[in-house]
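*Asks:* Here's the letter readout for the chains.
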Amino acid sequence: MLQIAGLLLMMLGLYGLLTNRNVIKIILALNILEIGLNIFIISIGFVRGGEAPIFSSETTSNALVYVDPLPQALVLTAIVIGVGTTALGLAFAKQIYAKYHTFELDEMGEE
Amino acid sequence: MLINVLEIIVSILLLLLAFLALSSKSLIKSVMFLSSLSMLSVVAFVLMKAPDVALTEAVIGSGLVTSLFVFTLLATRKVGQKQ
Amino acid sequence: MNIALFVAIPLGFAFISILHKKLAPILLIAASLFIIVGLSFVQNGETVIGGFEAPYGIHLLMDSYRLTALYIVNILFLSVVLLNIRKYHQMSTVLLISLTGLNGLIMTGDLFNLFVFLEISGISAYLITSTNKNPLASFQYLVAGTVGSSLYLFGLILLYAMFGSLNLADLSMQVSQLTDKTPVLLPFLLMFLGLGVEVKLLPLNSWVKGILKDANTLSGPMIASVYAAAMSLVFGRILIDLFVFEGRFIVIVSTILLVSILAGEAMAYQSKNVKEILLYSSVAQAGLVVLLFVSGLASWALFMVMANAISKMILFTIIASASEENGDDITVLQGIFTNNKLIGFSFTIASLSVIGLPLFMGFVVKMNALNHLFGEQMFLAIIAILLASVVEGIYFVRLLLHLWTPSETTVTFDIRMKAVLFALAVMLIVFGITVEPIESLKDTIEIGLNVGGTSWRI
Amino acid sequence: MKKVLALVFVLVLGALIMNHLNDNNLFAGFGDAMLENRVSQSYIDRDATENNDGVVFDESLDLESGAANTVTAIVADYRSFDTLGEVTVLFISSFGVALLLGQSKKRIALEFKPNFMLKIGSRALFAVILMTGVFVSIHGHLTPGGGFPGGAMIASSMLLLYLADDEFRAKMRGFKILESVMGVFYIILGLAGLMITGFFLENFLDNGALGTLFSAGMIPIVYIIIGLKVGSEISSVIDHFLSEEGA
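Chains A, B, C and D, in that order, are what the protein sequence lines are. The end of the first sequence is residue 162 by the numbering used here, with every number in the run present. The end of the second sequence is residue 91 by the numbering used here, with every number in the run present. The end of the third sequence is residue 472 by the numbering used here, with every number in the run present. The end of the fourth sequence is residue 249 by the numbering used here, with every number in the run present.
No wet-lab data here; the hints were simulated from the structure. Predicted, not measured: the structure shown is a model, and the values here were computed from it. Worth double-checking, as some hints may not be accurate.
Here are the simulated EDC-like pairs of lysine to aspartate or glutamate, each with C-alpha atoms no more than 20 Å apart in a straight line [as the list claims (entries may be wrong)]:
hint, chain 1, residue 1, chain 2, residue 2
1, C, K286, C, E339
2, D, K5, A, D157
3, C, K286, C, E338
4, D, K4, A, D157
5, D, K5, A, E155
6, C, K147, C, D228
Which stretches of chain C does chain D cover? Using the computed rule of at least three CB atoms under 8 Å from a CB of chain D, they are [to be verified]:
hint, stretch
7, 24-30
8, 67-74
9, 166-179
10, 346-353
11, 361-373
12, 446-457
Glycine included, C-beta positions come from ideal geometry on N, C-alpha and C.
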């Protein structure tokens with residue numbers, strides 16, 4: 052179920068990218084797409100009844116069933132990269148606002 | 009089965025919040041919906057046994073990204089105004 | 015010589031460079047020179063990082079194909095940097111990071127690591143275009159690039175879910191053992207589209223226009239020549255190593271490519287703006303290159319990338335430099351070569367090579383590619399290449415006539431720029447007349463490709 | 003009209019993807035991932051390069067990667083090169099934000115005046131959050147978390163000071179030096195691995211017993227470096243976003 056939700060979130064993000072004409076909203080849609088993708092990536096490593104992949108005083112040996120740790124490591128990287136692009140996108144948005152005094156693509160003089 | 013029900017509820021709420029974030033007319037409301045969407049995705053990560061990702065998403069995804077959005081809107085004095 | 019240094023040295027220099035503004039350009043040139051010198055000491059084979067053998071850890075790969083690619087990218091990069099470093103010295107850190115990203119991109123043997131380097135080089139590319147002073151275009155570039163790499167990530171995660179590995183060699187072995195290839199259709203398509211955005215394939219290239227229309231002498235050659243070369247070489251390598259072309263996939267891919275080539279040429283033919291002509295023609299050329307890769311002519315595609323990159327570097331540098339004072343309309347730039355014979359000469363050679371006239375590198379490449387395609391009876395590709403060449407011939411000759419026609423316009427070019435561009439133009443002629451270096455290089459490259467153990471012909 | 007087209011496109015795409023994944027016999031459904039067929043089983047069993055009889059918490063000595071948290075073992079050991087790239091992405095975007103938004107501008111004035119209680123309270127909270135951030139970074143190999151969330155926590159404690167004090171501006175120069183030095187440390191750590199063991203970024207310290215604080219070789223060091231670096235980078239991003247031109 053969560054896997055499907057991840058896919059649908061990605062589709063919603065894509066829809067938002069295609070239809071929105073507002074700079075902030077475009078970055079927002081990009082973020083929704085990334086969250087959906089992250090949920091999807093985690094979901095392919097999920098094992099029902101599995102433990103979180105951390106050895107501790109409760110889960111002491113590797114004989115137990117664990118969920119896949121690799122997708123989690125990949126998502127950690129993807130989240131941080133997502134923040135990087137979002138920050139840069141917002142910085143561009145600020146520049147755009149300074150130049151055109153609006154966030155709406157349609158209200159900008161050129162193009 | 010409690011977990012399954014929880015998964016379905018979280019899934020539906022995720023989609024609802026994403027829809028609200030995209031369709032809301034006010035930018036600051038959209039940003040708040042995005043923040044709660046991100047917070048809810050933390051629940052989804054916990055349900056899928058990914059505590060590391062959940063912690064990172066909670067701090068970075070919903071905390072910092074939201075504040076960056078808000079600061080951008082603050083700097084342009086568009087908070088609360090209808091777009 | 016450990017090839018991990020080609021990533022570590024520019025990266026370390028980038029971290030240092032934020033401390034001191036005067037030092038940064040020196041570090042940039044030092045790192046770039048270090049790599050070019052270091053390339054002559056590398057050995058083929060894989061370099062393990064972190065001490066875990068594939069498929070458990072990440073490793074970097076080196077062979078003749080990658081070595082040639084590294085030479086092309088790094089030498090062009092250094093020439094762009096040397097021409098621009100005075101004016102754009104505040105970009106030194108960004109350029110160091112983009113050097114890191116491009117080198118890592120070419121060498122890595124791991125799909126997720128490729129994604130990381132794609133983002134690194136992507137982000138530095140957005141920042142390089144920010145020197146255009148057109149934030150809207152850079153923003154669109156950023157959105158397109160992020161969507162592209164997200165699609166790529168989606169595709170690779172599906173591959174991981176199916177095969178349980180992220181290693182390029184491991185995956186390609188497992189894929190080639192499949193009897194029914196339909197399960198990999200979707201991930202391949204997603205990765206193809208994602209990388210296609212970066213390689214400027216139509217109809218995914220809407221960002222190109224905004225970026226290259228305002229391009230300056232740094233961002234123009236950087237994006238149109240260095241980045242285009244690196245991205246298409248990486249794309250080509252993944253096409254050869256991983257993708258299996260069968261059934262529906264080849265239909266979709268060749269449709270995209272043919273549309274890309276023809277639409278690009280048509281738009282270039284219609285345009286009245288010099289930069290637009292160049293950029294649409296480079297869209298069409300990106301399509302041609304990928305078409306050659308898809309047809310299994312990897313080494314000729316590599317040489318085509320090389321010829322195009324050199325030509326585009328000359329063309330974009332000249333036009334960007336001339337239009338900084340005058341604007342870039344075709345009528346305004348009329349006659350800029352009357353007082354600059356050397357620049358005009360380089361420009362003419364570069365554009366004739368792109369068309370594919372004899373005596374120039376472009377001709378050798380196109381002729382041999384057509385020969386091989388004819389041998390394998392791929393007539394659709396042949397028609398596309400010939401048609402594209404004819405249209406290119408018409409608009410480039412028209413452009414050249416305009417630019418050579420005498421008029422009042424006077425533009426002065428930097429002496430260093432003249433020297434570098436002339437050297438590059440001479441290179442195009444040398445490779446066009448003496449075929450031996452290309453032929454011998456081709457043999458070593460193809461041996462390297464076959465040793466990889468993958469079937470790279472359709 | 004355009005919206006309807008986009009909706010149809012997205013729906014068709016989604017349906018195609020879902021249909022394709024359902025028919026795919028290689029693609030395990032939700033909750034049925036088969037770890038035996040994936041490289042990650044070896045990450046859990048710690049037998050990618052050497053055989054071992056099993057991993058037991060608090061007992062196993064000197065495994066190939068000594069972090070009790072397998073995700074951390076992957077992030078900071080098996081795939082450490084990715085993490086170096088990730089740090090680079092954050093570095094370049096923080097540099098880019100500074101480049102785009104420019105330096106030495108006035109910071110945004112807040113709508114409200116922070117009072118005495120707010121100032122004192124947020125300073126106390128600042129200390130607590132800072133400590134938590136450092137704790138999370140250092141314990142990354144034992145508990146969930148690690149350098150990235152830890153660094154973000156450090157940055158959010160700085161954010162608190164920004165909000166509580168109208169006049170506060172972080173010492174940008176100090177952050178820059180911290181950022182640069184930490185980045186160089188990471189590279190030097192990698193090069194030291196290259197010198198000592200012959201592999202870039204290889205762990206060359208003792209791994210110790212699984213699950214103790216002083217275990218896992220380089221991982222705690224790497225995570226402290228990442229935590230400080232990420233913290234200073236994000237703080238500088240926040241500082242630039244809180245600045246504006248003119249008054």
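*Asks:* Looking back at the numbered hints, which does the structure fail to meet, lowest number first?
*Replies:* The structure conflicts with hints 10, 11, 12, although it agrees with all the remaining ones.
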